[in-house]
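Chains as they are written, first to last, in the numbering used here: chain A, 1 to 114; chain B, 1001 to 1116.
Think of the hints as simulated: they come from the structure by calculation, not from any bench.
Owing to the predicted nature of the structure, the values given are computational and were not obtained by experimental measurement.
Honestly, I wouldn't trust all of these hints.
[Claimed, not checked] So, partial list: chain A residues that the calculated Cβ filter (under 7 Å) puts toward chain B:
#1 43
#2 48
#3 51
#4 53
#5 70
#6 74
#7 106
#8 107
[Claimed, not checked] Output of the computed footprint for chain A on chain B, the stretches with three or more beta carbons under 8 Å from beta carbons of chain A:
#9 1026-1040
#10 1046-1057
#11 1103-1110
Cβ coordinates follow ideal geometry from the N, Cα and C atoms, glycine included.
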Amino acid sequence: DTGVSQNPRHKITKRGQNVTFRCDPISEHNRLYWYRQTLGQGPEFLTYFQNEAQLEKSRLLSDRFSAERPKGSFSTLEIQRTEQGDSAMYLCASSQTSGGETQYFGPGTRLLVL
Amino acid sequence: ILNVEQSPQSLHVQEGDSTNFTCSFPSSNFYALHWYRWETAKSPEALFVMTLNGDEKKKGRISATLNTKEGYSYLYIKGSQPEDSATYLCAFDLVYSGGGADGLTFGKGTHLIIQP
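Chain B on its own, in the form it takes in the complex (with noise of 0.2 Å):
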């Protein structure tokens, strides 16, 4: 059973200030990361897929890192608005030996409120 972790489960941050969170995943049989952000009421929306270590990807204000040797990615949002409350989502893609992939294995998300 694979295990992705996300944490912090929940976080309350005051609009204008930048904020991280981290996602562990296992370090064997890595094929990508990705990072979703998921409003209520909407579908969950595609951010990053990171595939080589030390990847550094950059959307706006989120950006992501990726370090596969020890399994955990960070997600930054730098001066957060309140349109950045969502819940993240990582999810690990893993590799079989036919290569390629299949179902993705999504952490539990932090919940992200930005406070006006």
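Bound-form chain A, shown alone (with noise of 0.2 Å):
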């Protein structure tokens, strides 16, 4: 399968543990975005990465939030001391180039913080 792919697909934990996700981006895209969908809302941006370069994080992303893209390759989304409100489905998606390119997305983490 060439899509974009996220892991884990589900991820339970308790309130103040740290916890990391992946996004695989389609191979030859070298935009690479992370988005938050919380319940009864559409996705709302976070961050993005061209190349191995983050160029634009969201006021959403606080500081217990960090992104990485270390070869322009794939991405990891940490959140450090999570809390409840942290609960949310994060989709990554990846794209040729920039603005008016369709972004592909992958299937999303959903994370549920006890």
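Taking the hints as your guide, dock the two standalone chains into a single complex.
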């Protein structure tokens, strides 16, 4: 399969624990995006990478969140000291170039913080 | 803060009927408008990217129109089938002064249920 993949698909954790999610984009895509979707809302932009450079971060991305894309291929999103409000679907997308291009989404990682 | 509105929030349609729903978005700094279909437990599937005022795109029984001057897009489904049941999301792509755009701003979606 050559689509965007995300792991794990589901994660349950206790408040205060750290969690890390992985996204593998479509291989020739140099842009990678992270979004978060909470119940009843559309996906909300968190951050994006052009190759390995993190170029934009939303104000939603508190200092407990960090994202990396070390070699310009896969990306990780880490949440430290999780809170119940972090419970959401975390979506990753990739695209070939910049604006106006289709962003292809992965299936998401659903996080539940108890 | 960008405001992207979708209506209705949910829609029940009889199999075989046609339906349509709306996405409204800011008419300034427009770069593109995206439509996605999202079925439960699957990845959001890209349907259309629309960039020009008056654009009309079609994919099988689904089509979309775009009016950038007044800031709205319509999505039409002709002859609804049970497999059309999904959440349909639109997303606004904003232009920055440097050209291009970054993260998409999504509406909350229209949840469509096709009843056999």
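Comparing the hints with the structure gives:
| no. | hint | in the structure |
| --- | --- | --- |
| 1 | 43 | 5 Å, holds |
| 2 | 48 | 6 Å, holds |
| 3 | 51 | 15 Å, violated |
| 4 | 53 | 13 Å, violated |
| 5 | 70 | 21 Å, violated |
| 6 | 74 | 17 Å, violated |
| 7 | 106 | 6 Å, holds |
| 8 | 107 | 5 Å, holds |
| 9 | 1026-1040 | holds (count 4) |
| 10 | 1046-1057 | holds (count 3) |
| 11 | 1103-1110 | holds (count 7) |
Checked against the numbered hints above, the structure breaks hints 3, 4, 5, 6 and satisfies the rest.
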